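Trainee: Sequence:
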Amino acid sequence: MPQLPAPDYPADVRARLEADAKEVIARYPDSRSALLPLLHLVQSEEGHVTRTGVRFCAERLGLTTAEVTAVSTFYTMYRRKPSGDYQVGVCTNTLCAVMGGDAIFEELKEHLGVGNGETTEDGAVTLEHIECNAACDFAPVVMVNWEFFDNQTPDSAKRLVDDLRAGRTVEPTRGAPLCTYKETARMLAGFPDERPGAVEATGGAGPASLVGLRLAKGEAAPGHGADHVIAPRATADRPSDEPPSGSPTEQAPSGHPSSHDAPQETSASDSHHPAGHADEEGE
Numbered sequence: 025m026p027q028l029p030a031p032d033y034p035a036d037v038r039a040r041l042e043a044d045a046k047e048v049i050a051r052y053p054d055s056r057s058a059l060l061p062l063l064h065l066v067q068s069e070e071g072h073v074t075r076t077g078v079r080f081c082a083e084r085l086g087l088t089t090a091e092v093t094a095v096s097t098f099y100t101m102y103r104r105k106p107s108g109d110y111q112v113g114v115c116t117n118t119l120c121a122v123m124g125g126d127a128i129f130e131e132l133k134e135h136l137g138v139g140n141g142e143t144t145e146d147g148a149v150t151l152e153h154i155e156c157n158a159a160c161d162f163a164p165v166v167m168v169n170w171e172f173f174d175n176q177t178p179d180s181a182k183r184l185v186d187d188l189r190a191g192r193t194v195e196p197t198r199g200a201p202l203c204t205y206k207e208t209a210r211m212l213a214g215f216p217d218e219r220p221g222a223v224e225a226t227g228g229a230g231p232a233s234l235v236g237l238r239l240a241k242g243e244a245a246p247g248h249g250a251d252h253v254i255a256p257r258a259t260a261d262r263p264s265d266e267p268p269s270g271s272p273t274e275q276a277p278s279g280h281p282s283s284h285d286a287p288q289e290t291s292a293s294d295s296h297h298p299a300g301h302a303d304e305e306g307e
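Add 24 to the 1-based position in the sequence shown for our numbering, that's all there is to it.
If you are wondering where the hints come from, they were derived from the structure by calculation, not from laboratory data. A quick note: this is a predicted structure, and the numbers were derived from the prediction, not measured. Don't take every hint at face value.
Dumping the calculated BS3-like pairs for lysine-lysine here, alpha-carbon to alpha-carbon at most 27 Å [said to hold, decoys possible]:
1. 133 / 206
2. 133 / 105
3. 206 / 46
4. 182 / 133
5. 105 / 241
6. 182 / 105
7. 182 / 206
Construct the entire structure; sequences and hints are all you get.
Mentor: Structure follows, in structure tokens:
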């Protein structure tokens, strides 16, 4: 069992964190709401949420250490053990996986000699598989401290981690210049990125995502009119010569029903197999 209570920060560290915590707490009408940014703040000090960090948050917010621990262990962005200067996350969600994300992750594990969530011996890189980062246009995607490295291959990903471990400058495909994990945690606590040009650096979504955005906003898709809507096929309720919704001239292609208007054989619609009681198995 760990010794209780948790040790305190050195006096100078605690004074600095208390000043930062006061600024964070002042943003909220209820101090308890400041717990998430305060956890990022203590994580920026040691690279993970320590028992000392939990104690600090609890004292500043009038909570128990059990309450703070419950929150810090719920969210995956709070580290529970020492981790590297660079969190290298390989997206293994569906699209990135089939585009090569799984292969990248397996090769990086072998190349670095670590497993998922583990850190290299030099303390530089922590490897983990991550879920979708909304960058499917650029699959497979690798993230380092939440900055994008798009269209990766096993070879490019291995060069990336080698450069990180060697201390060479690495430029993300999009977004702000790379910084350490502790620096990232401080920004997540709500403090500004004071590096010159970092705030102005940004990167947009890919072409496919932007097409979807334009359609959602009612704008024209590339190569089509502004009212491009494929109507359902003709049915008994709507003759084929009736103008479909969305365009006064466009007709749906014959013999190509969409999923929403194709006939469905169900017990509720099939007169030869009528539905039984509501509690019947399968209903």
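Trainee: Hint by hint, note whether the structure agrees.
Mentor: Tested hints:
1. 133 / 206: holds, 23 Å
2. 133 / 105: holds, 19 Å
3. 206 / 46: holds, 20 Å
4. 182 / 133: Status holds; Cα separation ~10 Å.
5. 105 / 241: The given pair, whose Cα atoms are some 44 Å apart, is violated under the 27 Å limit.
6. 182 / 105: OK: residue 182 and residue 105 at ~24 Å, within 27 Å.
7. 182 / 206: holds, 23 Å
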